[in-house]
Amino acid sequence: MNIFVGSLPFSIDEADLRESFEAYGTVDSVKIITDKFTGRSKGFGFVEMSNDDEAQKAIDELNGATVEGRTIVVNKSEPKPEGERRSFNNNRSGGGYSGGGNSRGGGDRGRY
1 MNIFVGSLPF
11 SIDEADLRES
21 FEAYGTVDSV
31 KIITDKFTGR
41 SKGFGFVEMS
51 NDDEAQKAID
61 ELNGATVEGR
71 TIVVNKSEPK
81 PEGERRSFNN
91 NRSGGGYSGG
101 GNSRGGGDRG
111 RY
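One point on numbering: in the UniProt record's numbering, the residue at position 109 of the sequence shown is 109, and numbering is uninterrupted.
Since the hints were derived computationally from the structure, they do not count as laboratory data.
The beta-carbon is built from N, C-alpha and C at its ideal position, and this holds for glycine as well.
Hints are not guaranteed to be accurate.
Said to hold, decoys possible - Here are the in silico distance ranges between beta carbons for each label pair:
| # | residue 1 | residue 2 | range |
| --- | --- | --- | --- |
| 1 | G83 | E19 | 15 to 21 Å |
| 2 | G83 | N51 | 30 to 36 Å |
| 3 | S77 | A23 | 15 to 21 Å |
| 4 | R40 | T66 | 17 to 23 Å |
| 5 | E82 | E22 | 30 to 36 Å |
What the hints assert, rightly or not - With a Cα cut of at most 20 Å, we get these calculated SDA-like pairs of lysine to any residue:
| # | residue 1 | residue 2 |
| --- | --- | --- |
| 6 | K76 | E14 |
| 7 | K42 | E68 |
| 8 | K57 | F10 |
| 9 | K31 | E68 |
| 10 | K42 | S11 |
| 11 | K36 | E14 |
| 12 | K57 | V67 |
| 13 | K31 | L62 |
| 14 | K76 | S11 |
| 15 | K57 | S11 |
| 16 | K36 | Q56 |
| 17 | K42 | S20 |
| 18 | K57 | K36 |
| 19 | K31 | G83 |
Modelling step: build the complete structure from the supplied sequences, incorporating the hints.
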C-alpha cells in the first residue's frame with residue numbers, strides 16, 4: 001500500500017520516517033518530496049508497505065501523531081485520475097495570455 005505522509009517537519013529525513021513506520025511492519029520504500037531547485041523538503045512524502053494490514057495499522061496509529069512539534073497527516077495514497085493532473089505542456093494558448101493586444105488599445109498612446 002502506498003501511504004501519503006503530510007505536514008512533516010522540514011528537518012526529518014527518509015531514515016527517520018522509515019524508522020517510524022517500521023514499528024508497524026516491513027517498509028518497502030520511503031520518499032520525501034524535495035524542491036528540485038533547492039533540495040529542501042516540501043514537507044510531505046510517501047511510504048510503501050507491501051502488507052496492507054500493517055500499512056493500515058501504521059495509518060491508524062500515526063495519523064495525527066506529533067513529530068518534532070508538528071501534527072502529521074497519514075493516509076492511504078490514492079492516485080489522481082488522469083484528468084486532474086497538471087500539465088504545462090498541453091497548454092497551447094500562448095502561455096496563458098488571453099489574446100495578444102493590450103486592453104488599452106492604441107499602443108502609441110502618449111507619444112509625440
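Here's how the hints hold up against the structure:
no.: 1; hint: G83 to E19: 15 to 21 Å; in the structure: violated (37 Å)
no.: 2; hint: G83 to N51: 30 to 36 Å; in the structure: holds (32 Å)
no.: 3; hint: S77 to A23: 15 to 21 Å; in the structure: holds (20 Å)
no.: 4; hint: R40 to T66: 17 to 23 Å; in the structure: holds (22 Å)
no.: 5; hint: E82 to E22: 30 to 36 Å; in the structure: holds (33 Å)
no.: 6; hint: K76 to E14; in the structure: holds (18 Å)
no.: 7; hint: K42 to E68; in the structure: holds (16 Å)
no.: 8; hint: K57 to F10; in the structure: violated (25 Å)
no.: 9; hint: K31 to E68; in the structure: holds (19 Å)
no.: 10; hint: K42 to S11; in the structure: holds (10 Å)
no.: 11; hint: K36 to E14; in the structure: holds (17 Å)
no.: 12; hint: K57 to V67; in the structure: holds (18 Å)
no.: 13; hint: K31 to L62; in the structure: holds (17 Å)
no.: 14; hint: K76 to S11; in the structure: violated (23 Å)
no.: 15; hint: K57 to S11; in the structure: violated (25 Å)
no.: 16; hint: K36 to Q56; in the structure: violated (31 Å)
no.: 17; hint: K42 to S20; in the structure: holds (19 Å)
no.: 18; hint: K57 to K36; in the structure: violated (32 Å)
no.: 19; hint: K31 to G83; in the structure: violated (25 Å)
Taken one by one, the earlier hints fail for this structure at numbers 1, 8, 14, 15, 16, 18 and 19, listed in ascending order.
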